[in-house]
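Residue numbers (the numbering used here), protein chains in the order written: chain L, 36 to 372; chain S, 5 to 436.
Because the hints were derived from the structure by calculation, they are not lab data. In this text, all values refer to a predicted model and were calculated from it rather than measured experimentally. Glycine included, each C-beta is placed from N, C-alpha and C at the ideal position. There could be a bad hint or two in this list.
Said to hold, decoys possible - One side only, chain S facing chain L, incomplete, derived with CB under 7 Å:
1) Y231
2) D234
3) L414
4) M417
5) L421
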Amino acid sequence: MTDLLNALVAFANFVFIPAMAYGSQLALGALGVTLIYGILRFSNFAHGDTMALGTMITVLVTWWLQSLGVSFGPLPTALLALPVGIGGCMALVLVTDRLVYRFYREQKAKPVILVIVSMGVMFIYNGLTRFIIGPDDQRFADGERFIISARDFKEMTGLDEGLAFKTTQGLTIVTAVIVVALLFWFLNRTRTGKSMRAYSDNEDLALLSGINPERVVTYTWLIVAALATVAGVLYGLDKSFKPFVYFQLLLPIFASAIVGGLGSPLGAIAGGFIIAFSEVTITYAWKKVLGYLLPESLEPSGLVQLLSTDYKFAVSFMILLIVLLFRPTGLFRGKSV
Amino acid sequence: MSPALKNAMLFALVAVLIVVTGISQSWNSALLILNMGLVSAIMAIGVNLQWGFAGLFNVGVMGFVALGGLAAVLVSMPPVGEAWAAGGLGVLAALAIGAGTVVLAILGYRRLAKGRSIAVAAILVCGFFLFRAVFDPSVAAVEGVNPAATGYLGGLGLPVLLAWPVGGLLAAGAAWLIGKTALGLRSDYLAIATLGIAEIIISVMKNEDWLARGVKNVVGLPRPVPYEIDLQNDPGFAMRASALGLDPVTASTLYVKLGYTALFVVVLLLLLWMAQMALKSPWGRMMRAIRDNETAAEAMGKDVTRRHLQVFVLGSAVCGIAGAMMTTLDGQLTPGTYQPLRFTFLIWVMVIVGGSGNNFGAVLGALLIWFLWVQVEPIGLFLMNVLTAGMADGSALKAHLLDSAAHMRLLTMGVVLLLVLRFSPRGLIPER
């Protein structure tokens, strides 16, 4: 019985909680990609760098607050800075839309041209981030480190395995739930949200019924900027902030959005968790968990790790390929233009 | 001004830029820029084949370039006999088991009717564990052989020039596999699939030490041109150098770089000629017809997916050749330096700026953008020095601005790409 509990705790500690946190971050990122795809109808390659920019603004404001001695008690100060980060990111994407994307929208350019344009935007955002904050790792998390630390947990339960639940992980999951709930409330209950969904479903019909496309697009960018910044800040708090890593997040984020079905918000969330859980389970060394579960004679000698952690990209990619081959529109039947 | 004259002037402009670099900085750096520019031009031809001719959106250029680099190691480095004895056959057997499992799974999926998902899953799981059981000990044995110097299987010990076509073949093989699965899906999906495969190729090259030493890098690749030190020790060479008014050291470095330039120009002209012939041929016209209207081309009886696969493989092969050439030029394979911004997206900027659909445009764009990529850094630093001249020495902002000048190049590339897309979407030398 204790063995079983120990196994469960080890599983929760090394697989379940990290995957939940990572999955929430991916889901928030994928929601942004999927909304852009649904409303503006292109795959936004600049999304990872949008996340990085929003996070960078938040980091800078956090440092400023920290230098003033402001803190948020046990919670990270970055939460206080988050609204400013979101605001800055919103301003930036709106300016980008006016200066860059609107021209192609008015021309009714092909989606692939917009993708190339987003490549240019990606270069600029990436350059801006490196220009302002540099390419190095930045840590900006503060406040209480753990909700439950491994040692406390061991003392509390008397088990051999510890369960560490980091504040940032808890925060990530809670924030993701709140943000997603808000988003779905907005999309399903408000007038603007409904017009966004109508525009995404059928552009011509939406235009005929008097929906102002520019307004829809503006709101989309605002929401995407907020989602990207929140996702980026949560990821940065949980791990650390490094511009290049955010660029690399593009792949799992796209994989999540496509696995769920591009254009489907619900799919993006499901996709995020599918990708996160498979990445973590396939690259986790199961020796510890199996050691508790199996009788001693069967105890594995190796690490029982299916793939080394360096190949986590390969995992998201494999799932992406399998879904594309067998269900090209994704699990939740997204769009296929 | 006729288009031909304008194009000639654009190429002359690039030549002038390189000559100015040679005079104002040094001929060595000018030739360095030119050589990498030529390699980039070949990559740009490859991307132009895919995007310009056929409208395929490949953002995995980096992966094919890296495969070319891998070929350079596998072909030219001497084999490590001890490692082969320790576990070479085991590794090969494991790879054969892996490939066999995949083939068996595909066959099973195609042939079996009932319970095929269970059968396929069983084949894959059993195959995977069998593969790991054979693979892991062999790899450990190979990597255990003198890890500081070798720790890998080595190559075939053949002339390095042979690696260039082999690099093309390796990239073509990978492209065929990707194309088989991802082509025929929507264009965005091909983009994401290629982006992913490039990352995977790089992570394989970083982590599989038995293959090409991973992040420990393979250095000292054989060269197709003589070594500087041999030239300097050759009395005849020193005499000819002094006759030209150069000291032997400078002369030898220039001689080596010019040797590479000559080789690269030959390959570039050959590929350019082939690409031009392909463009003018019925095949090229068919490709462009498919690009402009897939449905119409399909109605005319053209097999769109097959043609796409063909051109995707060809374009990737060209990128692979360029990758092998680049690794030969560097004399080392460093998987850690492959970055998508530099090896995928920058090539795209070259093609778009030069003029997608036009081979000469791709070459011009590559030379021009590469020049800019290299020279933006000193220019940025100069600008920052001018900007911050009024600031007090030692101020944090001034130091930060000067440090950040190095990151100007990404910004510049983005601005150039967006400006070209907006105001001259067909590029400097538009498609005819």
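Here is what the structure says about each hint:
| no. | hint | in the structure |
| --- | --- | --- |
| 1 | Y231 | violated (35 Å) |
| 2 | D234 | violated (40 Å) |
| 3 | L414 | holds (3 Å) |
| 4 | M417 | holds (5 Å) |
| 5 | L421 | holds (4 Å) |
Checked against the numbered hints listed earlier, the structure breaks hints 1, 2; every other hint is satisfied.
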